[in-house]
Amino acid sequence: MGKLWFNGAIYTMEAENRTVEAVYTENGRVVDAGSVQKLRSEHAPVEEMDLQGASMYPGFQDSHLHMLGLGETLLSLDFSGMESAAEMKQALQEKKSRLAPGQWLTGEGWNENNFTDRKIFHRWELDEIADGSPVLLTRICRHAALANSKALNLAGITEETPDPPGGIIVRDEQGRPTGYLLDTAVDIVKQVMPEVRDEELREALQAAVQEMLRKGLTGGHTEDLNYYGGFKRTFQVFKDLINHRSLKFRTNLLVHHEVLEDMHHHGFRFGPVNDSLSFGAVKIFADGALGARTALLQRPYNDAPETRGVAVTSKEDMKSIVKRAREKGMPAAVHVIGDAALEYTVEVLEKNPPPEGTRDRLIHAQVTPPDLIARLQQMSVVLDLQPRFVVSDFPWVQERLGEERLRCSFAWKTLLGAGLHCAGSSDAPIEPVSPLEGIHAAVARRKAGSSHDGWLPDEKLSRFGAVQLYTRGSAQAVSAEEEYGIIAPGFRADFTILENDIFQVPLDEIVTTAVKAVVVDDTLQYGTLTT
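Under full-length UniProt numbering, the sequence shown has 440 at position 440, and the numbering climbs by one with no breaks.
Among the clues, some could well be false.
Pair ranges (Cβ atoms, derived) [claimed, not checked]:
1) Gly28 with Met193: 35 to 45 Å
2) Pro370 with Glu483: 39 to 49 Å
3) Asp78 with Met193: 17 to 27 Å
4) Met193 with Glu87: 19 to 29 Å
5) Met1 with Asn243: 19 to 29 Å
6) Thr528 with His266: 37 to 47 Å
7) Glu203 with Ala15: 39 to 49 Å
8) Met1 with Gln298: 51 to 61 Å
9) Glu87 with Glu261: 40 to 50 Å
The hints are simulated quantities; they were obtained by calculation from the structure and are not laboratory data. Remember, it's a predicted structure, so these values are computed and weren't measured experimentally. Cβ coordinates follow ideal geometry from the N, Cα and C atoms, glycine included.
Use the sequences and the hints to build the structure in full.
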């Protein structure tokens with residue numbers, strides 16, 4: 001009736017270096033683990049899955065990303081790998097040549113910190129490229145964007161337009177908008193863009209799930225429900241595709257606070273929808289991002305002393321949102337990067353603990369002073385970390401924060417050493433969705449192939465600690481550590497199977513290790529295995 005998994009390095013992740021010779025599964029669960037001979041004699045499996053020397057781990061899950069955003073990026077103009085403004089300009093010109101007159105020119109992922117001259121395009125430059133078409137280009141952090149004059153005109157943004165709450169319309173010395181928009185100011189333009197079609201959403205989600213499976217993920221915790229025409233429409237796309245029949249993929253849906261009432265109006269509640277889909281915590285944005293200098297800091301930016309960043313959600317508004325979440329029996333998931341934002345978020349959550357059996361989530365938590373770590377230790381909370389940020393944010397982030405503040409930033413080992421629950425994620429499409437790249441970054445704290453000792457090397461994790469972020473850590477983020485995260489009797493039969501043993505290969509070979517197969521609910525969802 002069940003399956004025997006054998007002939008590979010099977011890491012249970014119960015403890016460091018803990019392996020078993022074989023695993024027996026049945027009806028989507030691990031039933032037993034031990035020697036091949038024992039499991040064959042005691043369970044008489046009807047199917048045997050030969051790993052052929054591959055290595056098997058509990059299923060990797062990404063604890064924070066934007067699946068529809070990832071799919072859009074995979075299907076659209078992607079600037080994230082570009083290293084010059086000239087390269088970005090050429091890509092825009094090529095895409096413009098293929099557009100119909102007046103069609104929006106869009107793209108994702110530009111990062112001026114990767115350009116030698118740190119150039120940020122002015123709207124007038126985009127006007128010349130676009131030749132009458134409106135333009136919106138989203139920055140890598142998704143907390144800033146560039147618009148041209150046509151887009152600003154359609155949105156009604158002029159010299160007289162005030163900055164919206166939680167956002168900034170960047171202006172020149174004469175007070176004229178430059179086209180650079182920060183945080184909620186971007187939403188003013190998005191509101192006048194053509195609505196994405198249902199088939200485009202389905203195509204984006206399909207592309208995202210396929211990419212996540214290819215990269216070795218058995219699931220992800222995603223935040224998408226507030227951006228594509230309303231809760232009902234967006235959720236239906238997830239429900240149609242990830243249905244636990246034709247496609248099994250563990251998907252936890254964070255619920256943006258602006259669609260919380262809509263979710264309940266349609267009869268949905270916190271918790272599982274089916275064995276693949278579940279509703280998670282209420283999402284709140286406390287601040288922005290370090291790249292755009294909108295993360296809210298206790299002291300001004302080292303390289304821009306005129307600003308401390310932006311409170312996207314004020315302390316008083318956060319209190320109100322958290323209160324509504326608690327009334328509906330839900331934890332909160334707060335995007336928080338700067339230490340000032342962390343401080344008032346901690347204060348709000350301390351006074352409003354999450355429902356019993358759940359944990360609040362702090363997404364990013366990049367600047368974490370010792371006094372706030374001490375307070376976090378007393379809370380029911382998980383930190384959703386993005387190890388790959390160390391690779392992409394250095395060295396420029398040193399200019400933003402300065403040496404003193406940097407010592408308590410990106411401090412993954414310190415956080416884990418303090419006994420805090422931490423989960424691993426990519427924030428895709430901001431970073432590559434590959435968990436192997438995240439694991440490598442947590443251990444090496446540098447790009448593969450670089451020769452230096454890593455950024456803030458004292459914060460390096462062991463390989464076991466890094467893999468735990470994407471297994472037990474991601475399970476803890478949704479209070480499901482009795483369901484996922486280890487290979488043991490009673491746990492879900494979700495496995496990530498890799499061609500090489502990432503505990504044994506040279507460090508930089510982690511990122512080039514191929515994914516052999518992905519198993520969800522005892523069912524092969526990607527790759528091939530010999531039976």
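We went through each hint and held it up to the structure:
Range check, Gly28 to Met193: about 42 Å between beta-carbon atoms, so the 35 to 45 Å window is met. Taken as a hint, the range 39 to 49 Å is violated for the pair Pro370 and Glu483, whose Cβ atoms sit roughly 34 Å apart. Separation of Asp78 from Met193 is about 18 Å and conforms to the stated range, judged on CB atoms against 17 to 27 Å. Range check, Met193 to Glu87: about 25 Å between beta-carbon atoms, so the 19 to 29 Å window is met.
The hint said 19 to 29 Å for the Cβ distance between Met1 and Asn243, and at roughly 24 Å that hint holds. As the Cβ distance of Thr528 to His266 is approximately 40 Å, the hint placing it in 37 to 47 Å holds. Roughly 43 Å separates the CB atoms of Glu203 and Ala15, a value that falls within the hinted 39 to 49 Å. A hinted range of 51 to 61 Å holds for the C-beta pair Met1 and Gln298, which are about 59 Å apart.
Glu87 and Glu261 have their C-beta atoms about 44 Å apart, which keeps the hinted 40 to 50 Å range intact.
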